[in-house]
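*Asks:* What follows is the residue order along each chain.
2 protein chains.
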Amino acid sequence: MLIVKKFGGSSVANKERVLNVANKIAKDYKEGHQVVVVLSAQGDTTDELIKKAKEINPTPSKREMDMLLTTGEQQSVALMAMALETLGLPSISLNSFQVGIKTTSTYSNSRLKRIDTDRMLEEIERKNIVIVTGFQGINRYDDYTTLGRGGSDTTAVALAAALNADKCEIFTDVDGVYTADPRVVPNARKLDEITYDEMLELATLGAKVLHNRSVELAKKYNVDLVVRSSLSDAEGTVVKEECKMEKTLVSGVVSDKNTARIAVVGIKDEPGKAFQLFSILSKKNINVDIILQSIGRDGTKDITFTVAEDNVEEAVALIENKMSVITGQKIECDKKVSKISIVGSGMQTNAGVATKMFEALYDAGINIHMISTSEVKITVLIEDKYTKEAVNVIHEAFKLGEINK
Amino acid sequence: MLIVKKFGGSSVANKERVLNVANKIAKDYKEGHQVVVVLSAQGDTTDELIKKAKEINPTPSKREMDMLLTTGEQQSVALMAMALETLGLPSISLNSFQVGIKTTSTYSNSRLKRIDTDRMLEEIERKNIVIVTGFQGINRYDDYTTLGRGGSDTTAVALAAALNADKCEIFTDVDGVYTADPRVVPNARKLDEITYDEMLELATLGAKVLHNRSVELAKKYNVDLVVRSSLSDAEGTVVKEECKMEKTLVSGVVSDKNTARIAVVGIKDEPGKAFQLFSILSKKNINVDIILQSIGRDGTKDITFTVAEDNVEEAVALIENKMSVITGQKIECDKKVSKISIVGSGMQTNAGVATKMFEALYDAGINIHMISTSEVKITVLIEDKYTKEAVNVIHEAFKLGEINK
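Here the protein sequences come in this chain order: A and B. If you read the first sequence in the UniProt record's numbering, its first letter stands for residue 1, the second for the next number, and so on. If you read the second sequence in the UniProt record's numbering, its first letter stands for residue 1, the second for the next number, and so on.
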């Protein structure tokens, strides 16, 4: 079996952890598997390099920043190869030039374009454990680029796809995907399986287990992903196209406090107003989430939407600046809100899921401000002080803590 | 003018020094020169990386060690590019993959084979200051290799040769080549010029200004080398084929305490004995320096030679092991010796130089144990407690502290 294993920065933060990871790799190798490992930079290395750079130049060019940061992963892979040597195992570390990890030209946030497999296959053929730098690649100018947040997960999935690996294991500091955040819901349960689509919704909604791009890529190339802990031997959660068991009604419930509601009140009820409003925001790369438009009355309508809390001030300023075009009478804004979502691939064929969610909130006396739904998700906006309670009552209502639901 | 400027690790050890070097580079660029910069890893970076590696694996493979260490120079070049950005100057950092610095296969001590100039010339054409990682290259397996001690000097000279640069400036923490070590001889004088051959003798003899390999390379490709201080604007010393002024009788005097004398006594006076003796040592890469063979008497002869002090124990053990072949009766060994040498390209056409040196030592009551001469150098072995005095009396005898000698 060909296995791609990815370990994040905290999993290789120091000597002990490097050796711990080496032992995990050794186990698979000794069982006769072919192993390709993807590593991030150790612990705080990336942050330290950024700090060092900013002391010299507060706004360094992204090209040089990538040149600097890519050294972090190269150090990780070399050290891991040395750790494997102490276990008597043959291994070789490779950076993006050596593998041939080709990306788009953009620095600091590039996308993977192509991965050459020749060198990796050659080394696998030689019985080497292959250790590859995550998070980075080279563009058509032969310059280093980095893949942005969650980049190493994406590298791992892409290598698994390119090598046609049997599975891709992503090791993190949690032991899988849960029905809810265990810090919020004490009886949250680890899921054995979850579909790509569900995982995508969870990832977007802020369950910080896997980055969206890696899940999208896994779905596209049908890579069997496993999320598991680097600190225990627990089984983890498998992310795949179709789950073996019957489609889960609801897989999990997640919350996101980093959200704010903006309402533009008294807009003339004419065509094109929503377009004008949101084009102002999209031009500045401000993502709008839930959108709600009131029915026109007295020749005016209200448009309410949510943005990430960090973007509120900028969004409000941009809209105020164009109020004459949008024809709104005033802007209201509320940061004390929270998004609560349930995710489950079964809900599209099951009526009553939304009802059950709303009922649970009603029973707890929690008011719903806005609602948004997709094929595998229902999101509501509530006052943020109820976040923890809301997650708990919904988790309870769907009996997510119990194995047979 | 195309100038290659090399700065060592201590010259870029921290933020302030990086910016100081950036200003030196800026000065040349603003005067209209094309500038290529070669950098070592910052300060103690290399030592720290070695320490980190050895904590994980006391004897890591050289291949992985090179993979680890090469990150040090890559960080330096990226940070320097950022520093130049703050001065508003266009620059680009390049590592060995990007330049195409090709070396022999050996890890940790490779030799340069070929340097591609395409990318560098392209960047120079775009008016960029080009900043290149020293000390490293890639071999035919596309693996990083490092060049061993003094590697960055060698990179700088090789780039200057490949680019046909007008000069190659090596910046160090001293402001040039001196007639003697200024810490030993208070009135030692900085030389304006010195020939490659003289510099080679000085480098070999332990004047730690330039590494031998870089001087050999400069001689081979006739690169005008300048050794100067990164901390001052002093002119430095030019190393070239022929010095403008009349050939210097004696350019400088140097000492080397890292030397020991071994005598193999009572060897049968038969052909092949010297060969047998020294082949034992050369097989183990132990360099032998001065060799003296006594005239055969009573059917036996003595062979005396010097090796670096670090190699004494190994050398003695190797010889003892083969004493039956060598037919020696006993081995004597003395670590308390020191080599004193005078170097000067004029001495080959001037009689009396050796005499004057010996006279100076005789006047000071210093006994000479061994003598060795080359075209541009005379070396004597003395008791090491007289080292400082010997250097001073010789410096004085040749009036090296005076400008017109």
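Note that these hints are calculated values from the structure, not bench results. There's no promise every hint is true.
Identical copies look the same in the list; a pair holds intra-copy or inter-copy alike.
Derived DSS-like pairs: lysine-lysine, alpha-carbon spacing no greater than 27 angstroms straight-line [claimed, not checked]:
(1) Lys-127 x Lys-301
(2) Lys-385 x Lys-301
(3) Lys-301 x Lys-30
(4) Lys-15 x Lys-51
(5) Lys-54 x Lys-30
(6) Lys-301 x Lys-167
(7) Lys-54 x Lys-24
(8) Lys-15 x Lys-190
(9) Lys-54 x Lys-268
(10) Lys-208 x Lys-268
(11) Lys-52 x Lys-15
(12) Lys-51 x Lys-24
*Asks:* When no copy is named, should Lys-15 and Lys-51 be tagged within, between, both, or neither for a Cα gap of at most 27 angstroms?
*Replies:* So Lys-15 and Lys-51 pass the 27 angstroms test inside a copy (23 angstroms) and across (11 angstroms) alike.
*Asks:* Between the shortest in-copy and the shortest cross-copy C-alpha distance, which are at most 27 angstroms for Lys-15 and Lys-190: within, between, both, or neither?
*Replies:* For Lys-15 and Lys-190, the Cα distance exceeds 27 angstroms both inside one copy (30 angstroms) and across copies (48 angstroms).
*Asks:* At most 27 angstroms between C-alpha atoms: does Lys-301 with Lys-30 qualify within a copy, between copies, both, or neither?
*Replies:* neither (67 angstroms within a copy, 61 angstroms between copies)
*Asks:* Classify it for me, Lys-54 with Lys-24: is the Cα-Cα distance of at most 27 angstroms met within a copy, between copies, both or neither?
*Replies:* between (37 angstroms within a copy, 21 angstroms between copies)
*Asks:* How do Lys-127 and Lys-301 come out at 27 angstroms by Cα distance, when the copy is not named: within, between, both, or neither?
*Replies:* neither (67 angstroms within a copy, 57 angstroms between copies)
*Asks:* Between Lys-51 and Lys-24, at a C-alpha cutoff of 27 angstroms, which is it: within one copy, between copies, both, or neither?
*Replies:* between (32 angstroms within a copy, 24 angstroms between copies)
*Asks:* Using 27 angstroms as the alpha carbon limit, work out where Lys-54 and Lys-30 are close: within a copy, between copies, both or neither.
*Replies:* Answer is between: at 25 angstroms across copies they meet the 27 angstroms cutoff, but 44 angstroms inside does not.
*Asks:* Between the shortest in-copy and the shortest cross-copy C-alpha distance, which are at most 27 angstroms for Lys-54 and Lys-268: within, between, both, or neither?
*Replies:* neither (48 angstroms within a copy, 71 angstroms between copies)
*Asks:* Given identical chains, is Lys-208 near Lys-268, meaning Cα to Cα at most 27 angstroms, within a copy, between copies, both, or neither?
*Replies:* Neither way: Lys-208 and Lys-268 sit 41 angstroms apart in one copy and 81 angstroms across, limit 27 angstroms.
*Asks:* With 27 angstroms as the alpha-carbon cut-off, assign the pair Lys-385 and Lys-301 to within, between, both or neither.
*Replies:* For Lys-385 and Lys-301, the Cα distance exceeds 27 angstroms both inside one copy (29 angstroms) and across copies (98 angstroms).
*Asks:* As a check of your reading, is Lys-301 near Lys-167 (CA-CA no more than 27 angstroms) within one copy, between copies, both or neither?
*Replies:* For Lys-301 and Lys-167, the Cα distance exceeds 27 angstroms both inside one copy (51 angstroms) and across copies (74 angstroms).
*Asks:* Give the relationship of Lys-52 and Lys-15 under a CA distance limit of 27 angstroms: within one copy only, between copies only, both, or neither.
*Replies:* both (23 angstroms within a copy, 8 angstroms between copies)
Against the hints set out earlier in the document, violations occur for numbers 1, 2, 3, 6, 8, 9, 10.
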